[in-house]
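Asker: Protein chains in written order, with my numbering: chain A, 1 to 219; chain B, 1001 to 1219; chain C, 2001 to 2231; chain D, 3001 to 3231.
Worth double-checking, as some hints may not be accurate.
Stated by the list, open to error - Pairs of lysine-lysine residues, derived as DSSO-like cross-links and limited to a Cα-Cα distance of at most 27 Å, are as follows: (1) 117(A) to 2003(C); (2) 14(A) to 166(A); (3) 3183(D) to 17(A); (4) 166(A) to 2139(C); (5) 96(A) to 149(A); (6) 166(A) to 2131(C); (7) 2072(C) to 170(A); (8) 3139(D) to 137(A).
To be verified - Partner residues are not named here, just some residues of chain B that face chain C (Cβ under 10 Å, in silico): (9) 1021; (10) 1045; (11) 1052; (12) 1055; (13) 1056; (14) 1060; (15) 1076; (16) 1078; (17) 1079; (18) 1091; (19) 1094; (20) 1096; (21) 1105; (22) 1119; (23) 1165.
Derived from the structure by calculation, the hints contain no laboratory data.
Even glycine gets a Cβ: it sits at the ideal position worked out from N, Cα and C.
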Amino acid sequence: MALNKFQIAQRIAKELKDGYYVNLGIGIPTLVANYIPEGVNVVLQSENGLLGMGPFPLQGEEDADLINAGKQTITTIPGSAFFDSAMSFGMIRSGKVDLTVLGAMEVSENGDIANWKIPGKMVKGMGGAMDLVASAKNIIVAMMHTNPKGESKLLPSCTLPLTGIKCVKKIVSDLAVLEIVDGHFKLLERAPGVSVEEIVSKTLGKLIVDGEIPEMDVN
Amino acid sequence: MALNKFQIAQRIAKELKDGYYVNLGIGIPTLVANYIPEGVNVVLQSENGLLGMGPFPLQGEEDADLINAGKQTITTIPGSAFFDSAMSFGMIRSGKVDLTVLGAMEVSENGDIANWKIPGKMVKGMGGAMDLVASAKNIIVAMMHTNPKGESKLLPSCTLPLTGIKCVKKIVSDLAVLEIVDGHFKLLERAPGVSVEEIVSKTLGKLIVDGEIPEMDVN
Amino acid sequence: MNKVFYNAADAIADIPSGATLMLGGFGLCGIPENSISALATSGIHHLTCISNNAGVDDFGIGLLLQNRQVKKMIASYVGENAEFERQLLSGELEVELIPQGTLATRCMASGYGLPAIYTPAGIGTEIAEGKEIREFNGKAYLLEMAFEADFAIVKAWKGDAMGNLIFKDTARNFNPLMAMAGKITIAEVEELVAVGELDPNHIHTPGIYVNRIFQGQDYEKRIEQLTTRTQ
Amino acid sequence: MNKVFYNAADAIADIPSGATLMLGGFGLCGIPENSISALATSGIHHLTCISNNAGVDDFGIGLLLQNRQVKKMIASYVGENAEFERQLLSGELEVELIPQGTLATRCMASGYGLPAIYTPAGIGTEIAEGKEIREFNGKAYLLEMAFEADFAIVKAWKGDAMGNLIFKDTARNFNPLMAMAGKITIAEVEELVAVGELDPNHIHTPGIYVNRIFQGQDYEKRIEQLTTRTQ
């Protein structure tokens, strides 16, 4: 069965390594924070100027001066640090952030990503997405494998305006975990109960299926 | 009679205006701080990372962590701020420092300055001088009019390696106050008792003497 | 040289119609509330506003949009604002979108006297169109120019009469960067303290970058996305 | 992920001969004393040292020069050091001089992921020779590359196990800039405090830039030019 958004977040959380500095985008990526494995200490970066983001505040303890990049009220962990937006993107551009997790509308087989603009619709802006994808050394995309019409969002090339090129390293969709290598999607894992055939049929870009494909370990 | 170094500093101090941010170089320029006119509030910038430099400390109150760009122990005034060297030169380059006072070995009639290197002698380095002269919007040079051999240091063009070009606005020497305009030195004031003829004879670059030249008002 | 102004109306009194303004803040966090209110009643118009976001319908820059005072908005993200969308679609409002890190760094570049920066953000996208691209160490970068505004308007937590500013938490965001990028910089502060009260090691924006400062009042500090946990 | 090291010898143990090191400080103010002492007894050599100054004969980088451990010195000002002068004139030591602001900004550029900067410093001088010159708004600028070092070694006043650093007074100088420019950054601190003890609004260098930290000891903090007034 296809994963729900919590399971996608849970699977992505397994990619976290001890000591990582991680930037989590808005939506499913934000949920990853709830599934950080035990014994793994990561520091969450919020691009509006914080290292060491903690959980949402208890009711009544929210502070208008303390929000994340999704404008949600948050808290900090001990050892956190605040800085301005230039330093924040400075640490992103200089590769100090180990992992970036973000959503996508389309990803191409060479790692291009489109996630900011749909022609004909009101354009809200790219926010920090273009900076993140242009700079992050390790980008994991959390996304649905297909659009509501059932059409693949993993494409030979993106049809929507691009956010960045040749930057996505890994995709965790509701159906599969895939790596991007040498201009191909490479299937690594499949959602529990989802067949390789279904994934193949729903992936329009070049897909490599090499040997036995294990099921993801999610609850 | 030619001014001594204290009188040069005293004359330069008359150029300070209320609200100025000022960077004073090593040597005579440092002395300018002792002659700031009453009612004029200036903030001294030290390029090693301080706005709001105060006087030298009382004996026993020196702090190794608090020095000026000449590596002398100093104090701060109320309302001072510390910052790193990049921001320090950032405020210099962006023209926020209103006035820079520095010494020179040679100045040319078009405002070039040489003050960092003598061929054949051990080169100690330019420190922050090149950044200062390339960026400051208003540069006053404190210098001796001639070298110990009596040769003019105000030249058609500098003979020593340059620190910066077309940057000096005004010179206060032991003999005169001069402005640099359109590729000329223009004589504004002379030291008390020093004749225009003496200044003319000791200025090798093009010198404009226009009308009566008043004596400087120094003690 | 007095930098202290009586209130927002006093501090913004000489901003003319047609001016380019930078406004600090991220979403509604750390925005110069008092100054925006004063601008909204000032009658000036044809403003170009540079700010990471455009506020919401009834707060922040949204107040200026309601009054049709904004000719052009330069931002990285402009969602959450129906009036904004209406004016954009009707052609009343121009919009220029800039990647957030580029926006931040272009402001800083101005305050650091750097005429331009090279950034990888936008390479391969429509943002790169017409811009100079250059490779360094095998990676492509866009040349982006430093950003200056006629007036930069920022909000700080504490400040003093020298113009020194300290920001609080994530309300810092674009504020210290824009403070460095104004030909004239106006800072409103929650608390104007006596000179000497701020620890010089804690100052985020040294006073040299600030031309005017005033003590703001009645801060609403609206929360855009109140999100809490239950235990 | 433990960043805390036992002492200087422990923190610098893997620095090999031939490495490029950045060393914080201005004159003798804010220099990483403990690390320099450990380097002086480490036996490594052929170092390239990037630091604003080269210490004095018997303190700071002067200690490494005495031992002939330095192959090349990159600095803005190298006076006050007789042994330095001797090695330079005898050809034992290479020296590259860089304008102070350029040096500082090239370090920062590295930590900000900016591959290069444009600065006016050095235009029309020998520093500009062989470098690209470009005009912006009628003013000429030099293209200068971001600076990175194998190891950046800095000294802070306070720090914590996350690597967060706070500097004191003018001992800040190049330290936070070099901290951002090391492939590996080592910070020695006068006081290593418990995580959570530093106010997150006061931190100058966020821990993400720091790989190793240790509590230094026996700080001498030598004064180069003791200057006092009498009343």
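Asker: If a hint holds in the structure, say so; if it doesn't, say that too.
Answerer: Evaluation of the provided hints:
no. : hint              : in the structure
1   : 117(A) to 2003(C) : violated (44 Å)
2   : 14(A) to 166(A)   : holds (23 Å)
3   : 3183(D) to 17(A)  : holds (20 Å)
4   : 166(A) to 2139(C) : holds (12 Å)
5   : 96(A) to 149(A)   : violated (39 Å)
6   : 166(A) to 2131(C) : holds (20 Å)
7   : 2072(C) to 170(A) : violated (38 Å)
8   : 3139(D) to 137(A) : violated (36 Å)
9   : 1021              : holds (5 Å)
10  : 1045              : holds (7 Å)
11  : 1052              : holds (7 Å)
12  : 1055              : violated (16 Å)
13  : 1056              : violated (18 Å)
14  : 1060              : violated (21 Å)
15  : 1076              : holds (6 Å)
16  : 1078              : holds (3 Å)
17  : 1079              : holds (4 Å)
18  : 1091              : holds (5 Å)
19  : 1094              : holds (4 Å)
20  : 1096              : holds (5 Å)
21  : 1105              : violated (26 Å)
22  : 1119              : violated (31 Å)
23  : 1165              : violated (17 Å)
Hints 1, 5, 7, 8, 12, 13, 14, 21, 22 and 23, counting from the list given before, are not met by this structure.
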